[in-house]
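The whole structure should be built from the sequences, with the hints applied where relevant.
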Amino acid sequence: MSSAATTAPSVDKVDGFSRKSVRKTRQKRAQSSSQFRSQDKPIELVQLPLLKDVSAQEQPELFLKKLQQCCFLFDFLDTLSDLKMKEYKRSTLNELVDYVTLSRGYLTEQTYPEVVKMVSCNIFRTLPPSDSNEFDPEEDEPTLEASWPHLQLIYEFFIRFLESQEFQPSVAKKYIDQKFVLQLLELFDSEDPRERDCLKTVLHRIYGKFLGLRAFIRKQINNIFLCIINGFALPLKAEHKQFLVKVLLPLHTVRSLSLFHAQLAYCIVQFLEKDPTLTEPVIRGLLKFWPKTCSQKEVMFLGELEEILDVIEPTQFVKIQELLFKQIARCVSSPHFQVAERALYYWNNEYIMSLIEENSSVILPIMFASLYRISKEHWNPAISALIYNVLKAFMEMNSALFDELAANYKSDRQRERKKDKERDDLWRKLEELELRRGIQNSDGIIPT
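Taking UniProt numbering as reference, the numbering of the sequence shown is continuous, increasing by one, and the terminal residue is 448.
Computed cross-link-like contacts, DSSO-like style, restricted to lysine-lysine with a CA-CA straight-line distance of at most 30 angstroms: (1) Lys288 with Lys219; (2) Lys246 with Lys297; (3) Lys410 with Lys392; (4) Lys52 with Lys84; (5) Lys326 with Lys410; (6) Lys326 with Lys376; (7) Lys219 with Lys297; (8) Lys241 with Lys274; (9) Lys65 with Lys174; (10) Lys326 with Lys274; (11) Lys219 with Lys179; (12) Lys117 with Lys219; (13) Lys209 with Lys117; (14) Lys297 with Lys274; (15) Lys292 with Lys241; (16) Lys246 with Lys326; (17) Lys392 with Lys319; (18) Lys297 with Lys326; (19) Lys84 with Lys65; (20) Lys65 with Lys52; (21) Lys117 with Lys173; (22) Lys237 with Lys288; (23) Lys326 with Lys419; (24) Lys179 with Lys200; (25) Lys288 with Lys319; (26) Lys429 with Lys418; (27) Lys274 with Lys288; (28) Lys246 with Lys274; (29) Lys219 with Lys173; (30) Lys179 with Lys209; (31) Lys117 with Lys174; (32) Lys246 with Lys200.
FYI, nobody ran anything at the bench for these hints, they're computed from the structure.
Computed from a predicted structure; not experimentally measured.
Put into structure tokens, the structure is as follows:
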């Protein structure tokens, strides 16, 4: 056996990839491996008997010995080294897969740490550096893990272990913890699609078995989404845009939005920074899903909308300004002071103020009536003070239009009061007429 095998406890994570300084083409190497370390002397593994060839009483101890043997790692970049021992480990892993699938009573408390140790020392490794500036996953061939003949069986063994009817999460949680999950998530950087597919299954099984890890896993997956979207190449592909419209935007409707809203809003903004033309469908989508009865969610929506307006292009702003500020006017009029306050804070944002000023002839008529009315009627004095500052800012932007709108508002209010008075007078006359008819009927006089 060559110098490429070692036991897990003494394994140093060594990067088996050497980055080439000059590359003439974008073609990736077909295979790479990162889990080997040179030794001065070859190591021969002692060939153990098959599990089926020993008694049931001896099987648990032999099972543990085989787990320990499978902690040895080999250099798969050297295709001629350790062929006999590589094949022996492969056959042992196959035997372990069958054993955990078919056997009963093998899962003792002593088994859990040994299984996790064996899996960890095989799959947790330094991944190769990725030439991200040159590699296109849509066009170039992925870098395949050379040690996949062993890795595949490790993943299959671990999945069968997690799926076993005898598996006890209460015991396993001592070893499969947040640190283990973090290391697992780091492996999603692997360029080998086969490994990522296995990782997806493993993570799903852990999520289903360990209730205490679910919130942690969800949080970490949210962070993965941010990295994925940030890495999208330009121009955005049609499926990426569909992901935004069909997946991310509808997530605003779920009850647990508060658990991941910050990450979701960041994903949305990432899309808009990459493709400003998506601004209109995104804002229309937000307005479509705008909460009607939950003030807490409405405040979150307003915060996200401000983040979008911070990166919006003036040409895109013009397309949605009327629809947008009709909603903002409704928020300003909200009896819930936190909703009104959050909407009024837009006027503290310098960039949003510049957009409003450039389009004051459109926005001021939409906002004026709500602002003027609420300034007189809102129950919260802090809101009234904020509205006063907004009205003052509008007056400084376009005093002529402001005066015209103020005069029109007062005229409209006078007409409304006149109509209200006429309506009240009419109802009073009808009530008096009904009263007279009632008196006449009680006296036995039939009205003609």
